[in-house]
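Just need the whole structure built from these sequences, with the hints factored in.
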Amino acid sequence: MLKNALLALALCGVVAAAPCMAHAKLQSSTPANNAKLTQAPKTLTLNFNEAAQLAVLKLVRDGQEIPVPLDKGAKAGQTFTLTLPALSPGTYTVQWSAMAADDGHVTKGSFTFSIAA
Amino acid sequence: MEISGWDIAGVFAKAAMYAATLVAAGAIFFLVYCQTLLREGQRTVIRRLIGILIGVAALLSVCRIALLSGSMSGDVAGMFDGSLARMVLGAGEGRATGARIIGLCLALLALSPKTVLRGPAVLGGIIAATSFAWIGHVHALTPNFAPSLLLCLHLLCGAFWLGALPPLWVIVIGGNEPQIAAAAARFGKLALRVVALLLAAGVSLLLMLLSPAQLLTGDYGRLMSIKLLAVIAILGLAAWNKLHLTPRLLRREKRAAVLFRRSLAAEITVGAFILMITAAFTTLTGPP
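Taken in order, these protein sequences are the chains called A and B.
Oh and the first sequence: position 78 is 78 in the working numbering, straight run, nothing missing.
In the working numbering, each residue carries its 1-based index in the second sequence increased by 1000.
In short, the hints are calculated from the structure, not lab data.
Being a predicted model, the structure only gives us computed values, none of them experimental.
Glycine is no exception: its CB is placed at the ideal position from the N, C-alpha and C atoms.
Keep in mind that the hints are not guaranteed to be accurate.
Claimed, not checked - To give an idea of the chain A side of the interface with chain B (calculated C-beta under 8 Å), a few residues:
1) Gly73
2) Met99
3) Asp103
4) His105
5) Thr112
Claimed, not checked - Sample of chain A residues with no beta-carbon within 10 Å of chain B, all distances over it, derived:
6) Ser28
7) Pro41
8) Gln53
9) Gly63
10) Pro69
11) Leu84
12) Pro85
Said to hold, decoys possible - Cut-off 16 Å, straight-line C-alpha distance, at most; resulting in silico cross-link-like pairs (EDC-like, lysine to aspartate or glutamate):
13) A:Lys108 to B:Asp1075
14) A:Lys25 to B:Glu1002
15) A:Lys108 to B:Glu1002
16) A:Lys58 to B:Asp1075
17) A:Lys108 to B:Asp1007
18) A:Lys72 to B:Asp1081
This is how it looks when you write it as structure tokens:
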């Protein structure tokens, strides 16, 4: 009886369960990684492969962190658009970390873009 | 795969949390299942062990929230950032931690020798051991009801097995040969079925997460393969205990108790390694 129940449960699970995604990964961003811009962007957009919560976002130029307002209480989503302060010419590094909404795993990454003088 | 100091701390903390929770739960199951075989002094030692493990599991569960918060911010100050901690709790870790704490509180009843409290203590052990099914890759499957039930079964069987090893060690260290033989025989009788269930549930879950070819490709598959090799090793030790050493113990053969103790020590070591690998691939990687 128990064996049959377990077998049925396992078969149901194997047949029905769709594979879960890997951890939340950054699919694209605007500005894109290594983008060379002629004008300072007004917003920063991050697109993830699955729903996540953006936990930390640091914008760094020459070792100095530039504050970017981030609503940590916002609901999980795949796309996050943040308003940037006025940026001067230079090379910027964006460091982010996010928590996947489905499995609670933390992922981190960084990318750079530059603004021409 | 880039691994930071936060990741390493996270893996160690998770492995220790798995070990403390599952062994506490399993030791409670053993205490109830082998109650009549144990002397009062041994029961006291096992109860103390359960108490310590419950405390460690609860502490590590709370530390894990702080570690995840710190991991996201990348600095120590992040460990005490309330908004990050709320995010961690809201993403499912809160459900799992809450269930674990409730289970551990109920499991504290095992510290009392009163028979009437055994049922609630066992229930607490079950809730605590299955709390890991409330979050993670299996919970993220769609639909997740059957996979989560299988994971609960896998966790309970793992707890029964791993949690029996320290109490058996207590018996081997302080007991006489007939008691050791009786405990090994009684545990082995149920362990055979439990191991079969553990494997059936584990293999089913594996098929849901990976195809056989993916076992050799990618970090997740490779770490899973290492776990499978360790599982084969611990199964070999368990089979050696059940089929070779237990009959020798029952025949009161010389050196059988010594060999059984060594075999238990090896099982505890491999069990700890399995939990460490599990913590690594559930923290650092994800199914492809």
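Status of the hints after comparison with the structure:
1. Satisfaction of the interface hint for glycine 73 of chain A is found here, the shortest Cβ-Cβ separation to chain B being roughly 7 Å, below the 8 Å cut-off.
2. Hint status for methionine 99 of chain A: holds, given a least beta-carbon distance of 5 Å to chain B, under 8 Å.
3. Taking 8 Å as the C-beta contact cut-off toward chain B, the hint placing aspartate 103 of chain A at the interface holds, the least distance being around 4 Å.
4. A least Cβ separation of about 6 Å between histidine 105 of chain A and chain B falls short of the 8 Å threshold, and the interface hint therefore holds.
5. With its C-beta approaching chain B no nearer than about 17 Å, threonine 112 of chain A sits outside the 8 Å limit, and its interface hint is violated.
6. Here serine 28 of chain A stays apart from chain B, with its beta-carbon at least about 20 Å from theirs, past the 10 Å limit.
7. For proline 41 of chain A, the condition that its CB be more than 10 Å from all CB atoms of chain B holds, with the nearest at approximately 24 Å.
8. The claim that glutamine 53 of chain A lies off the interface is violated: its Cβ sits roughly 5 Å from the closest Cβ of chain B, which falls inside the 10 Å cut-off.
9. Non-interface call for glycine 63 of chain A relative to chain B: holds, since the shortest CB-CB distance, roughly 15 Å, exceeds 10 Å.
10. For proline 69 of chain A, the shortest C-beta to C-beta distance to chain B comes to about 13 Å, beyond the 10 Å cut-off, and the non-interface label holds.
11. Distance to chain B confirms leucine 84 of chain A as a non-interface residue, since its nearest Cβ pair spans about 20 Å, more than 10 Å.
12. At roughly 21 Å from the closest C-beta of chain B, the C-beta of proline 85 of chain A stays outside 10 Å, upholding its exclusion from the interface.
13. Between lysine 108 of chain A and aspartate 1075 of chain B, the direct Cα distance comes to roughly 13 Å. Compliance with the 16 Å bound is thereby established for this hinted pair.
14. Distance restraint check for lysine 25 of chain A and glutamate 1002 of chain B: the Cα-Cα separation of roughly 14 Å lies within the 16 Å cut-off, and the hinted pair is therefore satisfied.
15. Among the hinted pairs, lysine 108 of chain A with glutamate 1002 of chain B is consistent with the structure: their alpha-carbon atoms are about 10 Å apart, no more than 16 Å.
16. With a C-alpha separation of about 12 Å, the suggested pair lysine 58 of chain A and aspartate 1075 of chain B falls inside the 16 Å cut-off, and the hint holds.
17. For the given pair, lysine 108 of chain A sits about 11 Å from aspartate 1007 of chain B by alpha-carbon distance, which is consistent with the 16 Å threshold.
18. Proximity of lysine 72 of chain A to aspartate 1081 of chain B is assessed by CA-CA distance (about 11 Å); at most 16 Å being required, the pair is judged to hold.
In summary, the structure is inconsistent with hints 5 and 8 from the numbered list given earlier, while agreeing with the others.
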